Amino acid sequence: MSLSFQDLILTLHRYWGAQGCVILQPYDMEMGAGTFHPATVLRALGPDAWRAAYVQPCRRPTDGRYGENPNRLGHYYQYQVVLKPSPDNLQDLYLGSLAEIGIDPLKHDIRFVEDDWESPTLGAWGLGWEVWCDGMEVTQFTYFQQVGGFECRPVTGELTYGLERLAMYIQGVDNVFDLRFNDAGVTYGDVFLENEREMSAYNFEVADTDALFDLFRKAAGECERCLEAKLPIPAYEQAIKASHVFNTLQARGVISVAERQAYIGRVRDLAKAACGAWLERAAG
Amino acid sequence: MTDFLLELRSEEIPARMQARARNDLSRLFAECTEEAGLQTGPIEVFSTPRRLVLIARDVDEATAARREEVKGPRASAPPQALEGFLRKTGLTQDRLEERDGVYFAVIDRAGRPAAEILADTIKRIVADLPWPKSMRWGDGSLRWVRPLHGIVAILGEDIVPVEIDGIASGATTVGHRFHHPGPITIGGAADYLEKLQACHVIVDQEERERIIRDGAAEAAKAAGLTVVPDEGLVVENAGLTEWPVPLIGRFDADFLDVPREVIVFTMRTNQKYFACTNDEGLLAPAFVCVANIDANDGGEAIAEGNARVLAARLADARFFWEQDLKVPLEEQGKKLGGIVFHEKLGTVADKVERVAKLARWLVETGVVKADAKQVERAARLAKADLVTGMVGEFPELQGVIGGYLAEAQGEPPAIADAIRDHYKPAGQGDEVPTAPVSVAVALADKLDTICAFFGADLKPTGSKDPFALRRAAISSIETIIRNGLRLGLTKALRGALANRAGQARDADPAHRLDKTADELIDFFADRLKVQQREAGVRHDIIDAVFALGGEDDLVRLLARVAALQKFVETEDGADLLTAYKRAANILKKEKWAGTDASGGSELEPQEEALISMLDDAEPKASASIEKEDFAAAMAALATLRKPIDDFFDHVTVNDPDAAKRERRLNLLMWFRDAVNRVADFSKIEG
Chain A
1 MSLSFQDLIL TLHRYWGAQG CVILQPYDME MGAGTFHPAT VLRALGPDAW
51 RAAYVQPCRR PTDGRYGENP NRLGHYYQYQ VVLKPSPDNL QDLYLGSLAE
101 IGIDPLKHDI RFVEDDWESP TLGAWGLGWE VWCDGMEVTQ FTYFQQVGGF
151 ECRPVTGELT YGLERLAMYI QGVDNVFDLR FNDAGVTYGD VFLENEREMS
201 AYNFEVADTD ALFDLFRKAA GECERCLEAK LPIPAYEQAI KASHVFNTLQ
251 ARGVISVAER QAYIGRVRDL AKAACGAWLE RAAG
Chain B
1 MTDFLLELRS EEIPARMQAR ARNDLSRLFA ECTEEAGLQT GPIEVFSTPR
51 RLVLIARDVD EATAARREEV KGPRASAPPQ ALEGFLRKTG LTQDRLEERD
101 GVYFAVIDRA GRPAAEILAD TIKRIVADLP WPKSMRWGDG SLRWVRPLHG
151 IVAILGEDIV PVEIDGIASG ATTVGHRFHH PGPITIGGAA DYLEKLQACH
201 VIVDQEERER IIRDGAAEAA KAAGLTVVPD EGLVVENAGL TEWPVPLIGR
251 FDADFLDVPR EVIVFTMRTN QKYFACTNDE GLLAPAFVCV ANIDANDGGE
301 AIAEGNARVL AARLADARFF WEQDLKVPLE EQGKKLGGIV FHEKLGTVAD
351 KVERVAKLAR WLVETGVVKA DAKQVERAAR LAKADLVTGM VGEFPELQGV
401 IGGYLAEAQG EPPAIADAIR DHYKPAGQGD EVPTAPVSVA VALADKLDTI
451 CAFFGADLKP TGSKDPFALR RAAISSIETI IRNGLRLGLT KALRGALANR
501 AGQARDADPA HRLDKTADEL IDFFADRLKV QQREAGVRHD IIDAVFALGG
551 EDDLVRLLAR VAALQKFVET EDGADLLTAY KRAANILKKE KWAGTDASGG
601 SELEPQEEAL ISMLDDAEPK ASASIEKEDF AAAMAALATL RKPIDDFFDH
651 VTVNDPDAAK RERRLNLLMW FRDAVNRVAD FSKIEG
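Protein sequence lines correspond, in order, to chains A and B.
Residues in the first sequence are numbered from 1 upward in steps of one, following my numbering.
Residues in the second sequence are numbered from 1 upward in steps of one, following my numbering.
Just to be clear, a hint being listed does not mean it is correct.
Stated by the list, open to error - With beta-carbon atoms standing in for the labels, derived distance ranges:
1. A:Glu118 / B:Glu157: 54 to 62 Å
2. B:Ala468 / A:Ile264: 18 to 26 Å
3. A:Thr62 / B:Thr461: 33 to 41 Å
4. B:Thr461 / A:Glu68: 22 to 30 Å
5. A:Glu118 / B:Ala190: 22 to 30 Å
Worth flagging that the hints you see were computed from the coordinates, not collected in a lab.
This one's a predicted model, so the numbers in the text were calculated from it and none came from an experiment.
The beta carbon of each residue, even a glycine, is placed where N, CA and C say it ideally should be.
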């Protein structure tokens, strides 16, 4: 039988743990992508070697579909691996992980298709690919060039697996809620369907926009206070918070196109300042 | 002489960059070897996702030895001059030759072995190949499109030694990533292609393209279908595979409810699949994907997997489509007030308002013969699809989606078509709308865009045209000409400017509007020249007609241009042009401004003939122009040819009799001005 959702995670943990990665637990804050985790953003800066792997729950309020779409979720999991400096055999290591979870590359068509990554809110970009398995994007594979506006030296290699998609592929199911979560009869839907319904309703209909605007301002202010106190980690946390509040405001449809750029710019400035403070402290 | 092989092996190179990289590789290699004086025969270049390859035939083993002579100072020159020369050449004085009191440095340059030059060439290629985007990796400082892992460099049978950032050249490469991941030793240019082919790598991109083109056609044919040819996809898939295997897959026919463009777009852009049609030419629920392996199950799992991915995408598209169908476009249109068109130009709702007004004006003034109510409705619905889920997912399909929704929601075909086509022509070679309602909305949309941006002082400058206004002007021109629209452009542009100024409650005085309108006319004139030049019209002819000024009806203007070009290419025309230039030169030389003198005594017969012909031809030409019968105007001019030639042959303009001179200069001026009323002949070359 193919891997259950939780065994997929455990298999990847074992595999990347054996490659010298520290296996971290999810960061306890709301964020839109595994990249936002300080173990990626902050550790990608500066000269020190670093290897880590972790699962990160991602919240994308605008992608919520009340649990009615078989492929879209407002909350899902990414499996994130970072290796710094990126080793010469990174592609082979990655392909080894696919073999580990049961994908035979002589039966399935694995491809590296150009996809350059950019995060305007983090002031970060890199070059790489989306990895296709039989035409499905299963991983984002990136060599970071800049984070927080700073050059990455050495370069971090980042692998982001879309866990639900990968599991759907391995298990051969067409609806994410039908995924086997474990081998004891629990499905993904049993765990998360109600979450999707309620969170979609909250994000699209209920969230108090005035309170959110206020939260955004407060997080930005708190970030600046932390920067003044030369505390890059809490400053960065507040930038993540502001970013998530902004995402929710977008889902509520209260940010116009013109304002959008200004908000993204504000978050980017906060994230950049936190990255700068982190580098300064590292240079000590 | 012997052959040289270079393989630069890296992680996957983006498909879209490979063609240019091959050209650059070939160019850099030729430049470097030529500079070094190394002779080579033909150069071939290849690419796969993981390698850039160059094979140069018949490379000389070394460059020829050369003797160079450098002339130095005179022997009698001060010692500083000699010192400087020795420093420059790096020689000592005893190595100089003295001839006729002048020092010469004679430098023998030995021939350089080819391997040495090739090693330098490789270094320069890796340093200078201009990738659109390049990157660093690991803790190195080398830049390449993706991490560079291997260099195979073999001249004849010998490795050309070179090391770049820790990567040493050798004879070892690898085969297909999955079929043959182990090392392969290459003997040289002679066995490279075959050895790789044996390891599941087809190095020659044209061969891969052929396999994809033919294989896709065959796979479709075997299923009783026809593949929709798409060379762009052929090349892209060849850039994504080292061992291409086309496979047919199917999707649920229920998805065919979704607009065809959406299905084809998803397949092409998102998945790089070829579309298939059935024997009626309709889209079939099937696709051809191109795998990169000879799968051990014959490709069944791959086809099935791809079908599932496509089904998920189409299910998503159908979800949006069904949602969108439920909301009338008119309702959607109400949300446009929330979308900023441009920060200085208000919302999309504001734009729709202006387009509707201008489109209606085009109909009411008789420029476009269409039903004004239909035009206004089409204009008001044209942008409504921008807020649909479908266009949110597939922004490239704006207009197309609106057209489908309008049709499904019961709008008349003329309106649905106008919504679909109002962005056209979107680029060179794109279809120009011809249905009247479509023409009115399409033209109004573009004129409004151009005027709105000009009005806000956001004009194209130099190579910068961020809002594609030049393209919009050319599209407008194409629409006007193709449909023979009799439009006074100045009035239309002024109207469009005033629409925007009114919305913006722009209190600026009318003279600023006039200035912008003048700039716009010049802008259109420039675009028209570009567009006509591309259509093969002589630029001097265009200038000759433009120089008359005051003409803003493009159809009339181009009719005149066409008649003029035809005329000056006849013998009568060429001859008349010569006579015109002669007359104009005399007048210029005399700085003649004209007087009242005419006629008088002792008229030569040639003078009389010319006067009588001008009396006849000038009003004829004017009347013909009035009637827009430009061929007749040219024919009227042609009647002047003989009398003007006779005049020049028999009459002296600069007669010693001042009165004769005066009246003859006036006659020439009359002739010149008469010709100029048809076109400014001074602009015409020849």
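Structure-based check of all given hints:
1. For the pair glutamate 118 (chain A) and glutamate 157 (chain B), the beta carbons lie near 47 Å from each other, so the given range of 54 to 62 Å is not met.
2. Under the hint 18 to 26 Å, the C-beta atoms of alanine 468 (chain B) and isoleucine 264 (chain A), about 24 Å apart, fit the expected range.
3. For the pair threonine 62 (chain A) and threonine 461 (chain B), the beta carbons lie near 37 Å from each other, so the given range of 33 to 41 Å is met.
4. Taken as a hint, the range 22 to 30 Å is violated for the pair threonine 461 (chain B) and glutamate 68 (chain A), whose Cβ atoms sit roughly 49 Å apart.
5. Separation of glutamate 118 (chain A) from alanine 190 (chain B) is about 45 Å and departs from the stated range, judged on CB atoms against 22 to 30 Å.
Comparing the model with each numbered hint stated earlier shows that hints 1, 4 and 5 do not hold.
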